[in-house]
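Protein chains in written order, with the numbering used here: chain F, 1 to 152; chain X, 1001 to 1293; chain R, 2001 to 2749.
One or more hints might be untrue.
List time: in silico PhoX-like cross-link candidates among lysine-lysine, alpha-carbon distance up to 20 Å [unchecked claim]: (1) X:Lys1189 with R:Lys2623; (2) X:Lys1045 with R:Lys2298; (3) R:Lys2298 with R:Lys2409; (4) X:Lys1059 with F:Lys54; (5) X:Lys1174 with X:Lys1236; (6) R:Lys2298 with X:Lys1043; (7) X:Lys1043 with R:Lys2044.
The following label-pair restraints were derived from C-beta to C-beta distances [as the list claims (entries may be wrong)]: (8) F:Lys115 with X:Gly1262: 25 to 35 Å; (9) R:Met2030 with F:Lys10: 19 to 29 Å; (10) R:Lys2422 with X:Asn1286: 28 to 38 Å; (11) F:Gln17 with X:Ser1020: 20 to 30 Å; (12) X:Lys1159 with R:Lys2671: 29 to 39 Å.
If you are wondering where the hints come from, they were derived from the structure by calculation, not from laboratory data. All values reported here derive from a predicted model rather than from experimental measurement. C-beta: ideal position from N, C-alpha, C; glycine also.
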Amino acid sequence: MKITTTINNKIYELDLQNNLRLLDVLRDVIGLTGTKESCGEGECGACTVILNGKTANSCLVLASQIDGQEIITIEGLKENGEYDLLQTKFIENGAVQCGFCTPGMILSSKVLLMKNSNPSEDEIQRALEGNLCRCTGYAKIIAAVKSAATSN
Amino acid sequence: MKCFDTICPTNIEELKFALSGATEKTKILSGGTDLVISLRENKLKPDVLIDISKMTSFKKICTENGYVYIGAGVTFSDIEENSIILENAMCLAEAAMKVGSPQIRNRATLAGNLANASAAADGIPPLVSLNAVAVIMNHEGEYREANVSDLIIKPGKTKMSYKEIITALKFKQKTPEQKSAFVKMGSRKSVTISKLSASAVVEIDYDNKIIKDINIAMGSVGEKSFISQIATASIKGKRIDSSLNVIMQQSLRDTVEESIRGRSSMPYKREAARGIAEDLYYKLFNNICIQND
Amino acid sequence: MENNKYIGKTYPIQDSLLKVAGMQKYVCDMSMPNMFHAKILFSKVAHANIISIDTSKAEKLEGVIKVFTHLNTSKKLFSSYMYFMGQNCPVDERIFTDKVRYVGDRVAGVVATSKEIAEKAVGLIDVEYEELPVMTNPRDAMDSDVQIHEKGNLISENEFNIGNADKIFSDSKIVYKDRVHMQRVHHAAMENHACIAEYKITGEFTVWSPCQSVFAVRNTIGEFFDMPYSDVRVIKTTMGGSFGGKQQVILELVAACLAKGVEGIVKLEYSRTESMLSTTVGSAIDYDIESSVSDDAKIEAMKINSIIDSGAYITNAIDLGLASGKKSFRVYRIPNLNYKNKSVYTNMPVSGGFRGWGCPQITTAIELHLEEVARKLKLDPVEFRINNVVRPDDIEPLTKITLGNARIKECLEKGAEEFGWKEKYKDNGKYGERYKKGVGLASAGHVNGYFGKVQDVSSMILKMNEDGSFILNTAVHDQGCGTIVSMKEIVSEVLDISMDKVKVLEADTERSPYDMGTFSSRVTYVCGRCALNVAKKVKDLILERAAIILNKRKSYMKIENEFVYVEGNKDIKISFRDIARISQVEHEFEIIAYETYANTSNPGAYGAHFAEVEVDTYTGMVKILDYLAVHDVGKALNRGMVEGQIQGGVQMGIGYALTEDIKIDKNGIPKTKNFKDYIVINAPDMPHVRTKILEFGGDDGPFEAKSIGEVAIVPVMAAIANAINNALSTNITSFPMTPEKIIAEINKK
């Protein structure tokens, strides 16, 4: 099927197989591999993208559902050559270990901060409840989000 | 995942047309959070998917003639933040907040939750406790209404033809005497499949602090959500004091015991029902409870 | 050593910018021209002979290159556990099996032009099975006539004795007994298993894999195909977590076989379900544990009898039985011990390496048992432990090796004080009718490398580039916990050079010097020490060159900030850059050093954890209110990363204690297939973990540092379980401690 979609502020006109997931479109069609697949059923959040301003598991979105929609992936967070504050704060706070969950974590945090510039610890935990990390115990990730919020 | 055709209607006429071509294998794609998993596991092999994500008329929550209407495209995120829902159906808002993760809530729809008819669906007990009705349209544009509790046959199966679609859910607006709440328990605090849930809608005589009526719909007890008659019988007419907490606990405990007697999960769920009951009690009656001496 | 410039500070992981930008390439992100994709057909039944396999439909599918089964692949057996040459490793695994032994066994493989086609083709393969009785319990399997492999189901029996436990028990008035069950767990690294294998028609392999030992992969492939190791190149890729899950050679040999079969490049990726069920699992082990305690509260004797459910293949189960037993002596002085272990085949997922390698299991058993003994004797659990723990320079009775500067006592003392143990312990069980509070603790001791078991060597090459920057060539494998940063810190500290001028290479069999691999908590302690030694050698070479150039004696020279000075006269100096250039251009001398470090010690790595929980006695849900983890790491190389390792270990341990379980029914059918049913701890359920890092030093590691990554998980399960039992006055000993088990126990009372 033919669709038009905006990914990281770039318009794509694509002719896709109907059974592709947004995750496959990003990784295999467009070549944006920052979005990761881990569970493939919406439990781990590694494939999180921002779809029309809200987070979505790209493994659960079919090609037809992105027609006319706007998508931001981890590669699209850099603006005017500068990394998003969250990206910097994740580094500074040691919130990254193996890094496989990191893109999804950052995008979930991004949407939280877009809605709520000064979230409480509980609100951060809740915003990240759909993103699993096996390395860090979340403490440094939460610290990074807090620090991005307060320095904004 | 097998290949299939996808139709993306944008209005009722196109939707009717899509439904008229539907077969037993045709599936409706709304949020996709359950459907895509089934497709991936090859549990479903549809010929056609009718993607209703472009049906903008389905994305509304409104009130009309004393009813709250929730369109088929309304997601759980929409519900948890919506003022109409927060005013009229706290149980539904609380259930919406407990569905999956933000990523899931942003995509999954209440109507989809009902159409899938999972025994553990968080959206269904609130609808049952609210005596909600599903508005169903067929391929010829004819509408019918069906009680949510009647619509579900068993997990994954509803009394709907493949040429029909849920267009909206509706329930009566709340009266000043009504109050509702939802409680759920799973393996984790959040992002968890419900092991036991309950949604209560209660009508209170505030002057006399008496319960005029109560509907407690159970979730994850047996194949489909149902209103506990035991709870209604033992709670209706009771005064709101701390003995009510004990009565509610006993009634939900008995409800579970009776409903799933013989199942291996029963002994645990029966005890956990007390916790669910007490949580409901505090949510509903904490500020109006009469203090016993 | 307090004037360190780099050591002890906090640094982000070396590739964090790539990772936050989404630009780091894991093997799943790698693609090559003419790369094929492979998919495996896994058995859906737990025990059966394969009567026939029909691959004709799959072969006819357009885009399918070749289909592999037991009929057209080698019958040669191998062990995925072999990690060094000459290792005594019984072999019982096949590339594709002719008899399936668990749900998840490899039956066939398809190589195709795309993932989708490979997946579709796998679905077109028809297999006819003759089903056999299924053994799901090692106790039943042990005595059964149903043979999973030809030589029966009992794989091995180990026993060792220290002192004479039998005699003590026959004399003692009271014997305390417990039975502890540790469940089957999934590593749950966020990156699934995957690798790429290339076979060239010249008879050479290149394999890209996020593994823990490139040399283990190389040797396994080289031996299997009987080809020179020099023709097998294995390159470690960025690893999205392992926790022991990627320790064994699970995918690489299969991918190599497929690549050889199609004479091309094959990418083999597992899904989450496949990673969970068809790689290895953290071993389910049952313990019967007995002890005798003297009137002055000293452990006199212990008997530990354990049964390891090895699953369908042996892999590490024989060694694990011994290793787990040896770890009994890391924490407590046990003068008389009788340890017995049986490893048994079942039709279950295959047991393999897991963070802590048997230590989480045996520690949990011992710590639950000691808690119960303390309760029965009405002793304070902290004091009872302190009364029995090892002290610095104690000799481990089995290996006769010193435990080094063993500071478990201090971990317990400082932890109890900081946690407020005494006050909290008094209040146990109180709170209200529905919610009960309790506290628990556990000690942990782990290893630092292999010394005492097998050889423990690491080699590195450090060279200076012409501009004064450095490349450290190693065969370390960063698993995502900052190994590379630690190595950089060590080199930078020795050479007093900025860390961004030190590049550390990871493992590549063709280019790296040899290292045993990233196992057994040996990287900081052994590889780090190797880095230290090689950096000292290069420092010496730099001073030597500077001495020649400046015409001063070497002993007058001092390195500071990338310059060499004459001590006491900062005017006479030369930059690293100039030294490197002059050395190359004028002296025609390369500043390069090589070090093989053979580790000769294995001190304990220690920690004590304290938990406070609240148990909902109606629903059985457990909430962790407070958590303190105290560890003596000798010296923290990268402080923030040490904290991160501890916090991550606690998170994994909480899941291990409360929710994580690969459930398999009596027919061997898995009920747990993905994160929907395999419940790991997410952010809202994670308590605030307080960490206290002690730095007693005193052992052989670089800057006296010791291991942390594995020991961090070891005491968690017991600390939480003890807190639950303390809250409820129960003695639940079966893991995970689910709400169902807790409610059942409350109802029993």
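Hint check:
Between the alpha carbons of Lys1189 (chain X) and Lys2623 (chain R) the distance comes to roughly 9 Å, so the proposed pair stays at or under 20 Å and holds. Distance restraint check for Lys1045 (chain X) and Lys2298 (chain R): the Cα-Cα separation of roughly 66 Å exceeds the 20 Å cut-off, and the hinted pair is therefore not satisfied. Between the alpha carbons of Lys2298 (chain R) and Lys2409 (chain R) the distance comes to roughly 15 Å, so the proposed pair stays at or under 20 Å and holds. Straight-line distance between C-alpha atoms of Lys1059 (chain X) and Lys54 (chain F) comes to about 16 Å, which keeps the hinted pair within the 20 Å bound.
With a C-alpha separation of about 18 Å, the suggested pair Lys1174 (chain X) and Lys1236 (chain X) falls inside the 20 Å cut-off, and the hint holds. Using a Cα cut-off of 20 Å, the hinted pair Lys2298 (chain R) and Lys1043 (chain X) is violated, with the two alpha carbons roughly 60 Å apart. Proposed proximity of Lys1043 (chain X) and Lys2044 (chain R) is supported: the alpha carbons are some 16 Å apart, at most 20 Å. The hinted range of 25 to 35 Å is not satisfied by Lys115 (chain F) and Gly1262 (chain X), whose Cβ atoms lie roughly 48 Å apart.
Against the hinted window of 19 to 29 Å, the Cβ-Cβ separation of Met2030 (chain R) and Lys10 (chain F) comes to about 24 Å, which satisfies the hint. Range check, Lys2422 (chain R) to Asn1286 (chain X): Cβ separation about 36 Å, and the 28 to 38 Å hint holds. Distance hint check for Gln17 (chain F) and Ser1020 (chain X): the Cβ-Cβ separation is about 26 Å, which falls inside the suggested range of 20 to 30 Å. Checked against the hint of 29 to 39 Å, the pair Lys1159 (chain X) and Lys2671 (chain R) passes, with Cβ atoms roughly 30 Å apart.
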